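Asker: Below are the chains, spelled out letter by letter.
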Amino acid sequence: MSTTMQADPATPAGSAAGLKPVRSLGDRSFQLLALVSGLLVLAILVLIAITMSQQSSQWFTSEGWSGIFSTDWDPAHNKFGAMTFVYGTVIVSVIAIVIAYPVSMGVSLLLNEVVPRRWAQPIVYVIDLVAVVPSVVWGLWGFLIFVPWLQITVYPHIASAVNDIPILGNLFGFLNGNYVSGASFFTAGLVLAIMIIPIVTSLSREVIATVPREDKEGAYALGATRWEMIRGVVWPHSQAGIVGATLLGLGRAMGETIVVALLMGSSPTITSHLFTPGYAMPGVIANQFGEATVGVFRAALIGMGVLLFAITIIVNLSARAIVNRNVRRIRGTA
Amino acid sequence: MAVTTDPGVVDLRDPSGWRQAKNRLAVGAMWFAFICLVVPLGFVLVGVIVKGASKIDWSFLTSSTIPPPTLPPLLAKIEGTGGIGAAIVGTLEITAFASVIAIPLGILGAVYLNEYGGNRPLARLLSFLSDVMTGVPSIVMGLFIFTVWVIPHGLTGLSGMAGSFALACLMLPIVIRSSYEMLRLVPDSLRQGSYALGASKARVTLTVVLPAAAGGIVSGALLAVARAAGETAPLLFTIGVVTATNGNLFSGPNTALSTLIFSEVLQPYPNAVAFGWGAALTLIAIAFILMIAARLVTARFQRYSR
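If you read the sequences in order, they're chains A and B. Numbering-wise, my numbering puts 307 at position 307 of the first sequence, and it's gapless, one number per residue. Numbering-wise, my numbering puts 1299 at position 299 of the second sequence, and it's gapless, one number per residue.
No lab work stands behind these hints, which were simulated from the structure alone. Be aware that one or more of the hints could be misleading.
Stated by the list, open to error - With the Cβ distance kept under 10 Å, some of the chain A side facing chain B (calculated, not the full set):
1) I48
2) V86
3) V132
4) G142
5) V154
6) G305
7) L308
8) I313
Note that this is a predicted model, so its numbers are computed, not measured. Using N, Cα and C, we set each Cβ at its ideal position, and we do this for glycine too.
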């Protein structure tokens, strides 16, 4: 810092090389410092990929592809198949975005198109509050209050109501005739939904804010109601961008750890029944890493982290591509 | 659309009842969506405050010994109940050091992206990657620091500093994004005016551009700190476990509020659970204070710039 502050002679205006700026050492080193900081992002991402793959290589060599993609997880007998956890992660995060999508949509339309600006601010504060509640607090509350309540007063009633309906019965009915659990796929998905709504809402709002004012006023001038204006103008403009925002929420939901570690019941099962316990990738890493001190067990858990990293990177890349393209397209034509 | 009563006269009365009803229904659904978000938040806040407030007093917040979860309540009464002081100290020092690493680097990275990178492919790539990096799961950051720091150093690698590294990895892209957005808002005329006076680029950036964006940068950084303070997953494998205050960030295992809550939740003992609630209330309070500070900075900055 100190060198950058002092090394700063004014460029001699009348010299022969007057048009070519003289760049001092301090100036150049500051640029270098900034560049290195920027490159740090790339370096960390590359390092994550390399070092974690290395540490998990033992998993791949000892289990092989078929072992990794099996559903057999039994550390006591050296069986480390990841598929049940991949299944759990996918199901839970799909539940989360199915719930979060309409809610975020509603809240962002409310904020951008319905309430006046001075009312919008308090609503934004509330959403920020949701975002800043630590995940472990959601987990604590969910584990001690929400799960028991769901198990006793909510799930049994829903299950008995839908048990005999074909598809709903398979999703929300009893397992083996009478079993539902408060800690389940659905509970974890529900809490994850609440946690990702703030981020999905704020991205959706950014997308919706790009809808040209003239188009909206044109719709009103034609006599459209607010809802007709939203359907006719806001919707077509921002649909793709909102899909991107939701995908980004999907990425968040997949990586969220504490909620799935506490609220899913931690039982590696593949089932269509959403009111029964499952297990997700971040959950098994968090819960079992302490026991996995050496060997294939630890390699498998780190490998699960690599898998999670790869999946979330892919989801995020596509989500960002959709959001950015959409925002740029609309800004360009506006 | 507008109904015409006779040719040439447009009817400008209100839309038909059905259309208005649909409109009201839609707006009602939007408010309902908001309520769907508020209700769980309310339940969590009320739950944590009701269960945690009875636990919180001065000795709970400052006592440095975290009692073992198995200690029966009766015995605990005799020996003094212990407290979460160690975890508060841990959370504060780990988060503070993470901020010391991530905030300057993040701001410098944003300076590169906005002031030097321009439209170059490298800058566009880094901007995109920092976007993507905000989505990397926090538990992956924990595993990453475990593989590059704890494995080579063995058990001595478990320290508050390792936890700070993991949190810093998490904060870096957030700080870059928020600072970048703020730097973009600084009008070019400010930069050009300074160049016209003969200032170098480094000086313009340090003395004109960054101060102009300071309010937004600080509030973005505070939000990143608030998020990091509440994180659990990056600390699970990096800081180890300890039940007494460890003021030394750089050696020896440490503890934090979030990891303490995570371990107390799973205990079957009521006093451990009560500890979890008290710690949760403290953690929420810390996160909220940081968020409110960010809001105040933003508000002040807005008034100043107007």
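Asker: All hints are to be evaluated individually against the structure, with a verdict given for each.
Answerer: Outcome of the hint check:
Given hint, I48(A) at the interface with chain B, holds; its Cβ is 5 Å from that chain's nearest Cβ, closer than 10 Å. Evaluation of the V86(A) hint against chain B yields a violated restraint, the C-beta minimum of about 14 Å exceeding 10 Å. Because the smallest distance between the Cβ of V132(A) and any Cβ of chain B comes to about 5 Å, under 10 Å, the interface hint for this residue holds. Taking 10 Å as the C-beta contact cut-off toward chain B, the hint placing G142(A) at the interface holds, the least distance being around 9 Å.
Because the closest C-beta pair between V154(A) and chain B is about 14 Å apart, greater than 10 Å, the hint is violated. Of the supplied interface hints, the one on G305(A) holds, with its beta-carbon coming within about 4 Å of a beta-carbon of chain B, less than 10 Å. At about 6 Å, the closest approach between the beta carbon of L308(A) and any beta carbon in chain B falls short of 10 Å, and the interface hint on this residue holds. Nearest Cβ of chain B to the Cβ of I313(A): about 6 Å, under the 10 Å cut. The hint holds.
Hint violations for this structure: numbers 2 and 5, all remaining hints satisfied.
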